[in-house]
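So the chains spell out like this:
Protein chains: 2
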Amino acid sequence: MMAAIDTKNAVNYVYDFADGSREMRDLLGGKGANLCEMTRRLEPGVVPAGFVITTAACVEHMSTGGEPEALAAQLADAVARLEARVGRRFGDSDDPLLLSVRSGSRESMPGMMDTVLNLGLSDSSVDGLARATANERFAWDSYRRFVQMFANVVRGVPVEQIEAEIAQLKTRRGVHLDTELDVEALRELTATFKRVFHAQTGDVFPEDPADQMHQATLAVFDSWSGDRAVSYRRINHIPDDWGTAVTVQQMVFGNKGDDSCSGVAFSRDELTGAPEPSGDFLVDAQGEDVVSGVRNTQELAQLREVMPEAYAQLAGILRQLEGVYGDMQDTEFTIEEGRLYMLQTRNAKRPAQAAVRFAVDAVNEGLLTKAQAIATIDAAALDALLHPTFDPAAKFAVLAHGVPASPGAAKGAIAFTAKAAVAAAEHHVDVVIVRPFTEAEDVAGFFAAKGILTSEGGKASHAALVARGMGRPCVCGASELHIDLDAGTVRVGDTILHEGDLIAINGSTGEITIDDVALVHAEIDPHFETVLSWADELRTLGVRANADVPEDARRARGFGAEGIGLCRTEHMFMAADRQPKMRAMIMADDVAERRVALERLLPLQQADFEGLFEAMEGLPVTIRLLDPPLHEFLPSEIELLDDLREARQHRPGDVADLERTLERVKELAETNPMLGTRGCRLGILHPEIYEMQVTAIMRATRAVRERSGHAPHTEVMIPLVNYERELTMMRELVVRVAEHEGMRQGVDYTVGTMIELPRACAVAQHLAAHVEFFSFGTNDLTQTALGFSRDDIESTILARYISEKIVSRSPFETIDRDGVGTLVRTAVAGGRAGNPRIELGVCGEHGGDPDSIRFFAEAGLDYVSCSPFRVPIARVAAAQAAG
Amino acid sequence: MMAAIDTKNAVNYVYDFADGSREMRDLLGGKGANLCEMTRRLEPGVVPAGFVITTAACVEHMSTGGEPEALAAQLADAVARLEARVGRRFGDSDDPLLLSVRSGSRESMPGMMDTVLNLGLSDSSVDGLARATANERFAWDSYRRFVQMFANVVRGVPVEQIEAEIAQLKTRRGVHLDTELDVEALRELTATFKRVFHAQTGDVFPEDPADQMHQATLAVFDSWSGDRAVSYRRINHIPDDWGTAVTVQQMVFGNKGDDSCSGVAFSRDELTGAPEPSGDFLVDAQGEDVVSGVRNTQELAQLREVMPEAYAQLAGILRQLEGVYGDMQDTEFTIEEGRLYMLQTRNAKRPAQAAVRFAVDAVNEGLLTKAQAIATIDAAALDALLHPTFDPAAKFAVLAHGVPASPGAAKGAIAFTAKAAVAAAEHHVDVVIVRPFTEAEDVAGFFAAKGILTSEGGKASHAALVARGMGRPCVCGASELHIDLDAGTVRVGDTILHEGDLIAINGSTGEITIDDVALVHAEIDPHFETVLSWADELRTLGVRANADVPEDARRARGFGAEGIGLCRTEHMFMAADRQPKMRAMIMADDVAERRVALERLLPLQQADFEGLFEAMEGLPVTIRLLDPPLHEFLPSEIELLDDLREARQHRPGDVADLERTLERVKELAETNPMLGTRGCRLGILHPEIYEMQVTAIMRATRAVRERSGHAPHTEVMIPLVNYERELTMMRELVVRVAEHEGMRQGVDYTVGTMIELPRACAVAQHLAAHVEFFSFGTNDLTQTALGFSRDDIESTILARYISEKIVSRSPFETIDRDGVGTLVRTAVAGGRAGNPRIELGVCGEHGGDPDSIRFFAEAGLDYVSCSPFRVPIARVAAAQAAG
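Line by line, the protein sequences are chains C and H. One gets my numbering by counting positions in the first sequence from 1 and adding 775 to each. One gets my numbering by counting positions in the second sequence from 1 and adding 775 to each.
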């Protein structure tokens, strides 16, 4: 049919279905491209004939306000070809050709213009339709629906006005239902609609089908710039300059009696992925009736009974389409007088469970290779398979919504403080911490709590980060909650909650309820296990976990982590029983006193590390030396001032101690703690702290080696390095302390550095010569490269930046390729040049984000490390990246 | 004499003076290399013969503990050659060869080993010396001095023990002065010293001159690793692995009577640079006597009277050496019985005034080209010529010392608050602000004050930065001052000062005094003017100034600034009369209310800009839109809490307002304000602020154009850009507002962006397409690239980092080439690729630092911008960079 393409003009604005393909999605829209593909693949006649007006025509319309010069002629040619193919004529008074006109852009946009059906009907052709179908009422009902739809959708006549006319007529005729209107009534209604049309638009209703087509086409084009479409695009980050295509297709009718129906069909169960077609249909109905929910649909399986032949044909086509698209399909079909027509197909959206099931079955059926099958999975969505959730069968009332910040569901008594959470946990009471926001000193409570709920902050807030790291469900920024810590209440509208009251949160959806909703614990099902095992075969990128305590380490191994890529030693000091010892260390007046305090922490740290090493049984464990500024372990100045005022009145004995603490807090206070005295800067100012930690690491390594069969694979990591000499000083410290414990670098342990400052990326080649590994700290690298404080940006700037389309996603969720990514690539090149045997990993939050994992694979890293619950996701994403 | 070089061995450890040159400084040390050069350049015999043992021999000694195998033989050969040349023999009992042995490293190190003189004397040769000089007392005094010096310097016999022996002898002999000791006494003393030597070292005093030489050589080598030398190197950042050379030279004697003398001679006046030799000498004395200050020296001019021939010869040699070295010389000489010997020469250290004078004279005399002359100037030291200073003639008592943080001297009444400073200024009272540290809200007081004094913080503290920017003298971190703001006192030891008491500070030296010391106002003298005009001929880099008010702009022009590279609009809001309006803007509940508040600021901003444009008369003026976070303009939470508590008790009418302010302060509070809601992020969140500013800029541009003959060259600068879309949004805002005012981009004004984030450097090519200029904000780029908060680092980390040799200087003073420099180069390349016509400048503090200016010239920038007082320095440094 290539001859049909207009060759007089360089630009072809109209493609017959037979001339397009699914690769032409950008030009023909998703719907149009798939109709073309089906037309070429399926038996002739299964896809009603039609053509597509390209997005390029829309773009030209948008920029000029007019339409491409060649369009009218090309459109007329296309209609002529269509008439020839189906043997009916547009506007024919015998058996007229009727068309549907639909918008269809590159990506599905529910906010776009509705469909116009039955285009081609007119006062002259309606009788032809009546004759051809031998159903006068059907013909006139179709006609009045067309006039109504055209008036509203194409010319903007308000739907209320149309509905008012129908209501008046029904009153006059004394009927209640549209279906009770007879032919005469429908004729009268059609005439009335045309009068309304004229009154509203100033135009006579177009009787000429070509004119109808022209107006409908321009209306589809203009709908691209309509408010609904624009706001949908804004929300979904769809560029304004794509434009929409227009799909024109011969009408078929599912409402021609008991041997007709309309339906939607999935090639497999859309919820479970089970390998049977599923869906719904309605006998003697048009497609809109199926999706509108006005009538109760039947399950697709019943079609096998009702129309066995058509069902068999449909099932065969679904299988065929899966083969064509290599993915599960979501289709629309119509059966007209026993004959099956396919009206649409697309890859089926499906929950994680179905995605995993499909992938496994597709490989077993020989439909896809393992790599192809894994590519069909949305790795990010796998999260849902890994956390407890609200029982899907449970009914509950949603109290409020917040930001889904760390997946999974949790339920427990409200605790307003870390202390209360710890106390409750000691009595085996499940609690959910509820606070406006959280700080480092609250982390002790995180360990004790089942979940965390805050009224401020977003996905990058402290609460969210720590909760994700620990696999605790978390809902953040639930601004409907008014939390008054002094009063000990949470107010939501008229509801007032107190400490101890039951609350449940779903960190995957952001839902909050006070109903006692049942939780369901997720397990990795066999299909997911299979997918993960294939992912492991395919991927080249290693996957480790960030874990600070043995429990997390064991969970991570359960999820398939190949090591610990980041153990944050400071989290060990947050536990309630350790905070006093840590504070004593910080409050020390001199090095000697600090050493005494450190001596008390040493056995605790050693025990921590032994637990981690035992859990990991010889897999790599990367331990980062103390990183956060010391003031994070002390109360805030404002808290201390309050406490001091109170102590002066009621607890004079405490005053001296509080004054001393206040002084230290003031000394340690920093304007920008993120850029202050932390990381290896602490190690240089207070080497005794790192010496204690290295001693604990070495003793633990030896103890576990001697006690178990697995020699720990210990990696000591220096944080926040800028300068080569910082690194050599700290490495010398590690080596010296290790030698004192009888341990040798490169044999009993290795030394590496975080790469988390832009300067470190620039001088990576020099740094690499001194270490066995680099680990990219992409959180801090993002903070510094972009000058974005994670704690400050998300609640204020980021939402605005996303709405203004400055960024499409938080750079703390998905790595900023252009900026941070460039620095990472520089450092990878430098690192390998400086030390060809260097091991390169990433331990920032990005290590668990599929898009970022793709980048890290491209950049040539050896492994990613992420929170335990994201390990399976990372394994799948790594396999996809390898493809 | 090349034949003298040992050819049997690949390594030559000993160089005769005739075989070396000044280029061999690394191998022969500074002193040795210059002696070689003089030997080759001056008349034979003027430089006493000798040789140098290389630093390589020292390095080998340090690494092996022993000495190079070939050294002993090479040393013996060198001595033999020396004996042959001067016709005397080492240890000869008639007329023995006596030598001096000195250390001499690549850079002058006053902390190194002392000289050993008269080496070669022994019981047998002392009589030869007596005979040859016909002065037995001289010979024996020389001998006992040698033994004494050798024992102490070479073998470490404590000086106290030696002094005790001298004292005992004097008591026994009943004399008071060393000079009263006769030959007999000196003989006895020499014998006594040898006994002490034996008792202390276990060795017999070496009578063999070769043995003396060997021991002295090793002692020089070992002195390199002595405590004094090591700590000197630590302070002065001299690498440990350089090693020292050993210079061995024939002794000459300035103490042989009235026709002998020793002295130091500068080729020009060492204080003023006037073209006459200057210096000091002592008749009948050795060199040590001149520098020790024991006897009153004579001025060099008097030598012309005393020994006219020798003086004429010396003057000629000084001129000759200036020609050789192309610089002013600092020499040591001895005249022995009328004959002149040159013992040392080096480039003269001199104050800025002399350096400038020398440069001008050297060009006028044809000694140097302009470029060569300018290269002899230490650009950083020129600071001293530009600020008021304490009258050099004034006597005063130093109360305390602090960090010299912004040059110049200031004197006035103590003011503890900005408010007090402003009030005093209104009554024309000079004040010095004295505070523990300063914050943004204190800046109003900076305008009013003559100087700033703090007890905390260093050169990169807020006080220092703002003071330097405004050209206000500042002394920081004077930790001896105990400032009690509540009590209104400053305590320094026993001295207690109150508000209003007189205080004076010297920001160039860090001195603080309470004496009424006179100040001298500096003016650019004609020589400096000449140097600057030559610098302008030579340099290719433009020099602009950072200035926020017309007064600064006029000063900058006076210093030769070719434009304003940075006008910080926020400084205009710090003035006392504007803060309330600014606060009203920040406290606005909605955009409408904010617009009302902005309307009130608009005419003030417009007047500010008009003043700047008028001052600059058509030169470029780069105006940065509002940059700092809004909370900088509000009081702190702690202040407000205090105020609120007080108001609740005594001023109930203020409570509501304070509560509202507190709420806003809490809303605006940020964990890391440096990485928070500032720069163009403000412009995106609150476009109405930038709209007001752009309106003011455009109206001012037009008003000044219409009023004066000079059309302003207006450049609008967007701060803190990361993303291309941030820039396009803000540029669109500027263009839209400007068009509303009838102004056109590229004609009436240009638009540019700060490059001050690592991400911006990475994506510079994309940013460049949208703007006419980039200005590197190297302060913030340093903060982000290094993850160093300027406000936090200097007082805590930086001192330690310098002492640990991690950095040699603050990266906020001199640009970090490896890190920040790499980012700058990336952005320059990207910028020029994205827009070949782009103008590139720098407006960070580094723009006034000579080393950084050299880097910016290399990197290919078009101009630097710095504080007005550094403009002349930048002009000179830019000329040096062009050389």
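Calculated from the structure, these hints are not laboratory results. There's no promise every hint is true.
[Stated by the list, open to error] Ranges of calculated distance between the beta carbons of each label pair, as one might list FRET restraints:
{"id": "1", "chain 1": "H", "residue 1": "1486", "chain 2": "C", "residue 2": "847", "range": "45 to 55 Å"}
{"id": "2", "chain 1": "C", "residue 1": "1503", "chain 2": "H", "residue 2": "1140", "range": "22 to 32 Å"}
{"id": "3", "chain 1": "C", "residue 1": "1503", "chain 2": "H", "residue 2": "1444", "range": "48 to 58 Å"}
{"id": "4", "chain 1": "H", "residue 1": "815", "chain 2": "C", "residue 2": "1516", "range": "34 to 44 Å"}
{"id": "5", "chain 1": "C", "residue 1": "1411", "chain 2": "H", "residue 2": "1593", "range": "36 to 46 Å"}
{"id": "6", "chain 1": "H", "residue 1": "1579", "chain 2": "C", "residue 2": "1434", "range": "30 to 40 Å"}
[To be verified] One-sided and incomplete, this derived list gives chain H residues near chain C with beta-carbon spacing under 8 Å:
{"id": "7", "residue": "1445"}
{"id": "8", "residue": "1447"}
{"id": "9", "residue": "1510"}
{"id": "10", "residue": "1532"}
{"id": "11", "residue": "1562"}
{"id": "12", "residue": "1563"}
{"id": "13", "residue": "1564"}
{"id": "14", "residue": "1580"}
{"id": "15", "residue": "1581"}
{"id": "16", "residue": "1589"}
{"id": "17", "residue": "1593"}
The beta carbon of each residue, even a glycine, is placed where N, CA and C say it ideally should be.
Which numbered hints turn out to be false for this structure?
2, 3, 4, 9 and 16
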